[in-house]
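J.: Starting from the given sequences, assemble the full structure and let the hints guide the process.
Here are the chains, one letter per residue:
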Amino acid sequence: MGKFVIRRLAQAVMVVIAATILLFIGLFVLGDPFASSGDKVVPPETQAILREKFGMDQSLPMQYLTYLGNLVTGDLGIDLNQRRPVADMIGAALPNTARLALIAIIIDVIIGVVAGIIAAVWRYSFWDVLVTIITTLAIGVPTFVIGVWLRQTVSGVWIFPQVPRSFTELAPWYTEVLLPAVTLAIVDAAFIARLMRGSMLEVLRMDYIRTARAKGLGERTVIMKHAFRNSIIPVVTYVGISIGILLGGAIITETLFQYNGVGYLLYRSILQNNNPVIMAIVTFAVLIYVLLSMIVDILYAYLDPRIRLS
Amino acid sequence: MRKQAWLRAAAGLTAAALVLTACSQKSNEGSGDSDGGDSAPSAGWPETPDVEIKDGKPGGTFRFGITEPTAIDPYNGQESEGLLVTKQLFTGLVQADPDGNIEPGVADKWEANDDCSQWTFDLKTGTKFHNGEEVNSESFKRGWERVSAKASASEVAYHLTGIEGFDEMQAGTANALSGVDASDPAKLVVKLTDPNCEWYVRTVHPVFSPVPSTAGAPATNTAYVEAPIGNGPFMMDGPWQHDVGIKLKRFEDYSIGHKAYLDSVEITITANGSQDEYAGYQNGTFDWARMPTPVLEQARATYEPQNQWITRNTNGMNYLLVMGTQKPLDDVKARKALSMAIDRDAIINGVFKGSMTPATAFVPPVFPDAFQEGLCEACTFNLDEAKKLAKEAGLAEGTELNFQFNVDAGHEEWTAAIKDQLETNLGLKVNLSGVQFPDLLNNEQQPGASGIYRAAWGADYPTPSNFLQPLLSTEAIGAGPSEPTTGDNRGRYSNEKFDQLLKDGFATKDEAERIKKFQEAEKIAIGDDQALIPLWYRTQHRLANTEKFINLRMDFSENPDLYEISIK
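Heads up: the protein sequence lines correspond to chains R and C, in order. Residues in the first sequence are numbered consecutively from 1, following our numbering. Residues in the second sequence are numbered consecutively from 1, following our numbering.
Derived by calculation from the structure, the hints in this document are not laboratory data. What you are looking at is a predicted structure, and each value in this text was computed from that prediction instead of being measured. We treat Cβ as the ideally placed atom computed from N, Cα and C, and that holds for glycine. The hints are all genuine.
Label-pair distances were calculated between CB atoms; the ranges are:
#1 C:292 - R:73: 42 to 48 Å
#2 R:66 - C:295: 46 to 52 Å
#3 C:448 - R:66: 36 to 42 Å
T.: Quick look at the structure:
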């Protein structure tokens with residue numbers, strides 16, 4: 001098990017380095033943040049002063065090394081637009097996004113797993129057909145359509161705060177997070193329900209389930225103790241990756257609901273060619289993603305001994 | 001391949017449909033004014049009448065939305081949203097009223113020496129910053145040096161170009177502006193390297209604001225940058241909450257004019273700009289809103305009868321940048337033929353549903369003293385004349401014309417309509433292409449650039465010369481014929497007579513005489529040479545909650561004039 005973890009860690013570090021290099025080159029190709037981008041030109045003298053201030057008069061490899069050096073010491077740099085420390089900006093946005101991700105995951109796991117089990121156990125019943133229809137619809141409709149619809153019909157009703165509203169009208173975080181979380185959870189829940197149904201059906205056909213039934217175990221014990229634990233593996237993978245994606249920020253949903261998270265920050269930074277912020281957020285997303293898939297792999301190994309041995 | 005062809009066909013159909021609807025709408029209006037040159041503009045919604053400013057009473061909170069600004073500190077305030085806040089927090093030497101007329105600010109009186117190379121501003125004494133510190137000439141010198149310092153890396157410092165010592169500060173070789181003398185607290189003396197008899201007008205820009213000693217230079221004091229202490233009618237009520245909002249409250253010791261009437265102003269920072277502002281106005285959150293173009297017609301139908309609608313021609317012009325040194329537009333007749341072959345009314349009615357006003361001059365009507373209606377004779381649709389001129393200029397059928405615009409900014413429809421008109425009316429082959437904004441600028445700057453480009457301009461300072469000098473003077477090319485341009489004259493227009501008239505204008509002390517010079521210059525560049533092709537003025541529409549508030553009007557920068565707004 002120890003060897004497995006070390007191998008996995010080394011892989012993770014390499015992925016992070018490769019990702020940052022690609023990202024750095026990508027941003028450089030995307031364009032010069034200080035070039036004129038409006039109806040009026042930015043005087044060349046001003047552009048030169050700005051490049052010097054942000055160290056962008058250096059060569060690209062030099063800039064990358066500086067960036068990497070700063071990253072290791074925890075310095076994410078200063079944003080090019082408002083000149084605030086990038087760490088502060090992300091620090092303000094991250095708790096919001098984490099909350100959103102957590103609530104969304106809780107909602108979609110509960111709905112998805114329960115629906116999946118019901119559909120698998122009572123295969124071809126009314127409930128199974130219903131789950132299939134609803135999940136097909138949910139997967140087919142893009143998130144932003146669901147978001148726009150929810151914003152137009154549900155926001156401002158009952159406990160759901162109005163969007164947009166004056167910033168002085170404070171709403172408790174749990175009401176503010178609800179609509180974007182539901183928006184995000186709908187598609188995910190559908191995926192999870194399908195995964196759960198599929199793998200549950202597969203497991204239910206296994207010999208050891210028949211054995212368990214033959215032993216005379218109750219149906220409830222068979223499903224919850226024997227089938228459930230074995231069929232949850234694909235769902236665990238999916239949820240792990242999903243958390244990673246959500247923590248990297250839900251660009252459309254956060255922007256739609258005026259929710260100040262990492263996704264909204266990323267959206268604004270891309271519009272402004274605000275490289276240090278884009279770098280920091282994407283690097284962070286890569287880190288989370290790599291970390292989570294590592295944890296998932298290790299969990300796998302724990303759930304299924306065959307993986308750790310191969 | 002097949003998909004592309006299909007897409008192109010679809011795009012062509014849409015464009016054709018647009019032009020068709022434009023034409024049918026036009027013929028509905030009837031009465032054959034299309035070839036008459038003297039009729040008043042037939043397209044466009046009329047401006048709403050001026051608001052009569054009444055005395056207000058203290059109280060109330062005014063709420064509206066903006067998008068997150070770059071900065072609200074005058075050292076780097078740049079886009080309209082940031083400058084809106086800066087203007088409430090700071091009062092400069094002089095200020096502009098909604099029509100762009102200059103009024104006293106901290107300065108009571110201003111005067112230039114004989115050749116306009118030195119300006120003296122007499123300051124009001126006893127006016128205060130929000131922290132109680134007195135505003136004097138040193139406050140201005142401090143503010144300007146804070147902007148000019150290289151280490152501040154201000155993106156708007158170039159407005160101070162022309163002040164003696166500015167170049168040295170930008171180069172990092174000086175720590176003070178040698179041309180600014182603040183030895184008398186009540187007098188600010190400014191020496192210019194480029195004499196300019198209307199230089200004082202520049203100081204309406206917030207970058208010329210005074211700052212208190214706590215601001216610190218260079219501008220790296222984050223506590224100040226996030227919550228600037230100024231001398232304006234409103235002050236910060238708590239620091240700027242990024243991506244959330246900015247709260248302002250009345251400054252009780254304001255003594256430059258009357259105090260603001262509003263108790264407070266709540267500026268919510270929205271994610272989706274005009275879309276959120278409009279939705280917020282509809283749900284009662286905001287008292288003022290911009291609107292996305294597609295909803296304008298519907299919003300006007302709802303809110304104009306309720307007297308909550310404002311339409312103004314503002315400081316701006318939409319035009320086609322013309323590469324007049326390159327074929328096929330190196331002949332003035334070709335440029336005029338192009339301009340005459342565009343039916344502006346049809347596009348305004350068809351694409352913009354009437355929400356714009358066709359241009360007949362380049363300096364827009366927002367400068368009533370300088371505006372010369374009808375100066376651009378070729379701005380009136382005249383098919384016969386256009387064909388005749390095109391023939392004379394050798395602009396034969398099938399001539400290829402390059403036409404570029406920046407994508408995703410709402411220019412797709414009307415550029416397609418212009419392409420269609422030019423192809424139908426003159427038989428040209430128009431190569432219309434949409435590119436990203438930075439690429440558009442870059443393409444325009446190249447020495448071999450030819451054809452026409454979408455362009456727009458707004459003056460930085462309320463003076464007509466700011467429409468002429470940066471866009472059309474030889475010095476604003478900033479490069480030789482084989483180098484990319486560095487200034488805003490990307491069409492590389494160059495005319496000695498025009499340059500001389502501008503120069504004479506800047507050297508003329510009498511305002512009326514000066515404006516006459518600028519008018520003559522405009523006549524040469526636009527009327528005679530057709531260096532650019534004006535399309536329509538910048539027209540802006542706002543929703544304003546007249547049920548609760550009075551004195552609601554747009555200021556010169558198209559923002560609510562918060563200083564005058566009062567509850568009923």
